[in-house]
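Visitor: Sequence:
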Amino acid sequence: MSIDIKVPVLPESVADATIATWHKKPGEAVSRDENLVDIETDKVVLEVVAPEDGFIDKFVKEEGDTVLAEEVIALFTPGAAETTQASTDNAASTEPASAAEAAATNDALSPSVRRVVGEHGLNPATLEGTGKGGRITKEDAQKAASGASAPKAQSTTSMPSPVQGAREERREPMTRLRQRIAERLVEAQQTAAMLTTFNEVNMKPLMDIRKRYKDEFEKQKGVRLGFMSFFCKAVVEALKRFPEVNASIDGTDVVYHGYYDVGVAVSSPRGLVVPVLRDVDLMSIADIERGINEYAKKAKDNKLGVEELTGGTFTISNGGVFGSLMSTPIINPPQSGILGMHRIQERPMAVDGQVVILPMMYLAFSYDHRIIDGKESVSFLKTVKELLEDPSRLLLNI
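Counting in our numbering, the sequence shown runs from -6 upward without gaps.
Watch out, some of these pointers could steer you wrong.
Calculated lysine-lysine pairs in the DSSO-like style (CA-CA distance at most 30 Å, straight line) [claimed, not checked]:
| id | residue 1 | residue 2 |
| --- | --- | --- |
| 1 | Lys290 | Lys197 |
| 2 | Lys197 | Lys375 |
| 3 | Lys18 | Lys296 |
| 4 | Lys290 | Lys(-1) |
It should be emphasised that the hints constitute simulated quantities derived from the structure, not laboratory data. All of these numbers come straight from a predicted model, not from anything done at the bench.
Construct all of the structure, not just a fragment, from the sequences and the given hints.
Guide: Set out below in structure tokens:
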């Protein structure tokens, strides 16, 4: 008896989703709780696992299809996959009447692959798959199609090609997360009166602290000591002094937040995501480092949940990990400010009339001028700078 594999209940405010990747083929044996398919929303990737040992009987929805909550996407048969081996062998021994028919009857092929196979009259059985588990990708089909059409193109003209090497183009649909990122970035630039102010911070005091205590810190706390936790602490202290930066606009009202939830922008295979550290003012340096490390791992594995990506009253983005020396970060609506960190660069600086080589970092603070005035923005960033250059101020609250 077959079991319906359904789309999970989607997060609040998410209307539909897209079948991203099928990890199993029809007839392939799977174990209980093994991931069958990734379903992508504009916020997170949801995994649908096998309800018990068995195999997928057939796909109801293919990769790229749009689905709704609790919609049936596949039929699943409990038990050993060997029960269908005889019918599978019989189906394999029966050749379709044409290559196009073979493509149409092969459920393992994605719609984009089927289209290329059908257009060029390719036989799927002769294609070599480079995808996960030997799966045939669109690029595999296009490569085979270009190879098959090359002799024809040569015979139609005697003129040599003036271009050496391939001039290929590849068109792929944007992921739902990338579409959502694009919408929010455009929204931020169209709705906010966004400006950016800059400053620079001498990182030597923080680097000295880290060098002195990093081994003991890691031994006692079980986590490495980085710079982001100090930036989070400095930002929270500055937000306390300038509440407008921690506020947001709702229509004609200004909403002042009495808590400090800091979003930390991290990269993932699907794009930039901003998980939120809650109540950072109550967290220790070690708690912040653990939270950031956990979010980084989840982002890499596409395991972040909706609740971890929503909310936030301020954001910190670190382009320095990619080598950026200076940038103008974009506000994450409905927040009113974002701090951009950058690469630490040794530069000659004038200190007490002497030229000294110091590790310097440019800081960029983008803010919504509708709610934050120039004086407050400059003073906020100057406060962050002073707290980082003299970390004892964080302990003394001065």
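Visitor: Next step is simple, just say for each hint if it's right about the structure.
Guide: Cross-check of the supplied hints:
A distance of roughly 29 Å separates the Cα atoms of Lys290 and Lys197; the hinted pair therefore holds under the 30 Å criterion. As the CA atoms of Lys197 and Lys375 are separated by approximately 17 Å, the hinted pair is consistent with the 30 Å bound. As the CA atoms of Lys18 and Lys296 are separated by approximately 23 Å, the hinted pair is consistent with the 30 Å bound. The hinted pair formed by Lys290 and Lys(-1) meets the criterion: a straight-line CA distance of about 28 Å does not exceed 30 Å.
Hint violations for this structure: none, all hints satisfied.
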